[in-house]
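Chain by chain, the residues run as shown.
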Amino acid sequence: MFKAIVSADTLRDTLDSVSVLVDECKIHLNDDGLEIRAVDPANVGMVDLTLSADAFESYEADGGLIGVDLSRLEDIAGMADAGQLVQLELDEETRKLHIQIEGLEYTLALIDPDSIRQEPDLPDLDLPAQVVVEGADIDRAVRAADMVSDHIALGVDAEKELFYVDAEGDTDDVHLELEREDLIDLEAGDARSLFSLDYLKDMNKALPKDAEVTLELGEEFPVKLHFDFAEGLGSVTFMLAPRIQSD
Amino acid sequence: MFKAIVSADTLRDTLDSVSVLVDECKIHLNDDGLEIRAVDPANVGMVDLTLSADAFESYEADGGLIGVDLSRLEDIAGMADAGQLVQLELDEETRKLHIQIEGLEYTLALIDPDSIRQEPDLPDLDLPAQVVVEGADIDRAVRAADMVSDHIALGVDAEKELFYVDAEGDTDDVHLELEREDLIDLEAGDARSLFSLDYLKDMNKALPKDAEVTLELGEEFPVKLHFDFAEGLGSVTFMLAPRIQSD
Amino acid sequence: MFKAIVSADTLRDTLDSVSVLVDECKIHLNDDGLEIRAVDPANVGMVDLTLSADAFESYEADGGLIGVDLSRLEDIAGMADAGQLVQLELDEETRKLHIQIEGLEYTLALIDPDSIRQEPDLPDLDLPAQVVVEGADIDRAVRAADMVSDHIALGVDAEKELFYVDAEGDTDDVHLELEREDLIDLEAGDARSLFSLDYLKDMNKALPKDAEVTLELGEEFPVKLHFDFAEGLGSVTFMLAPRIQSD
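Protein chains in written order, with the UniProt record's numbering: chain A, 1 to 247; chain B, 1 to 247; chain C, 1 to 247.
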């Protein structure tokens, strides 16, 4: 059984963070909130999202699992105005989700969870460097890198105590350095890894520009990007596998 | 003879209400105002529009008839800023319309009215149910229905005293109910008809979101949508033929 | 040697005025400011732009010449917010331009100036009529003409003391007249020339809508359009060759 009421904004933020990586996902309807884990078809980018029951106006669930078409659910959530509430109720028998927005009722056919790609386990990596920046800085770096290349290097220089971004094109290069005072926080440790810009661009779309984003980095290791949403009651961790460096 | 001055906004609202259905139309230049009637090529959607001479800054006409290319006239009206006046003058000899907007003069070649599809007679139907809603509610219903289907059912449940919208897709459904207190007015009588969503989407484009829209409905009968514009000095009635219900 | 700091807005206005005509250009790094002259591949439209050293926050140059890809430089300038400063520094050895915007460094490969089309000499014409109008009026005339034709005639009627624009389409015509009182200034002299609307549309894109634009006109002669930017510290002259009148 699942029955919940949530603001349209929170629902949209939740869906957007997952839909940048996959088209369909499984949603765990735990008794203390929602959980979504997903990996893209190429096994390069992963997302782990939780949304606490406290982020809802009302929330009742008992541990079920549903499969949803994300773009369809995003379209429905998009029908609501910013302040409006969205009521969700699972019909166990028909396996349909009833969605109500002020008199408008949408009946959404669910997807059999077994037909959806298996959920990943985000590995528990002990990464040597950790940087906390504004989402707007990542946006800037990603857009600049996109002008010259389809790869982007993220790194930390432990000695100089700075976080840097490098993108090398055929003729032009982009380099961004953020020193300790430009950062919200820095745990310095030498780190540098190369990533596919396409994936980082997709993840960047889900990063709130005004949020604190925590990056964990290593030497040719995956990067973890973490941020909160829904006033701290929602939490997203992206993990992106590195590209092999070719010099 | 025809010579008139009208605000760009009023001219644009007039043209937009007709151009959602047809590309060309006949305009009756009556001595008390304009009148336009048109039907789409498939004979499914009709429009009957009047704009009183009082909606103009100045107006002189003696019952002529002109044929116009609507998109061309819309482009010209689009050149004016919101507050600006548009001056229209018919040159009987050359059969051209001179349009002036603050120093800018556009000479528009008219179309032979005989070459334009014949004007329809909107049948005088005695429909059992009448609903008055905000344009925004129709917009919401049409957009929601569009997510699941290309048909939409509009109905009134006389007993429950409510207006409803139904759209059934292959897997998902949309249902909107507006009770008496959500409506501006309701004359209850059992009614339900199925319509092509494409037509209703086009008509919806012309509905001011903040206007009162009157719908007249019957059992498998056409729907009439009526609204005023130009501060009550203009009046539009759309009529849309029903689709045959197939269950 | 070249090293300068300039506001992103001024840099963008500079580049936009040239990029409407050409994709690549030579920039003269004179000691008193920048100068750019360029002609389009068909030799129909020319631009002569100067930007005084006083328009910069700081400026050091000694007469060098660089070749740049304009759209690339525009993309980089587009990364800066309206108020931000852009730092430019030429690396003589690598022939690359280092561009810094608040921690973000872009290394732009320059183009060999010899591979860029030769700079034009804007002929010193003694044109009989001169009109000063708001950029918004030219915008209006160009957009209206574009609805009916791909040519536009600009003229001055010395006797009636007015500036006019004519565009004749297959069925429709556009005519705009601005009398002395509608103009910022007028030096009347008979003038009328026909121009390609495509070129004028491109130049119009670079005209600030609120700027005073000076047009110099003759009888079947080129038109010169002149305006200032960067609070008078930058200056642009466009010249457009006439089309042969065919009646």
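Hints are supplied without guarantee of correctness; some may be wrong.
Which copy? The list can't say, so a pair holds if one copy fits it or any two copies do.
Restricting the straight-line Cα-Cα distance to at most 30 Å, the calculated cross-link-like pairs of lysine-lysine (DSSO-like) are [claimed, not checked]:
id : residue 1 : residue 2
1  : Lys96     : Lys201
2  : Lys3      : Lys201
3  : Lys160    : Lys26
4  : Lys96     : Lys160
Quick caveat, the hints were computed from the structure, so don't treat them as lab data.
> Which numbered hints are broken by the structure, listed smallest first?
Replying inline: Result: hints 2, 3 break, sorted rising.
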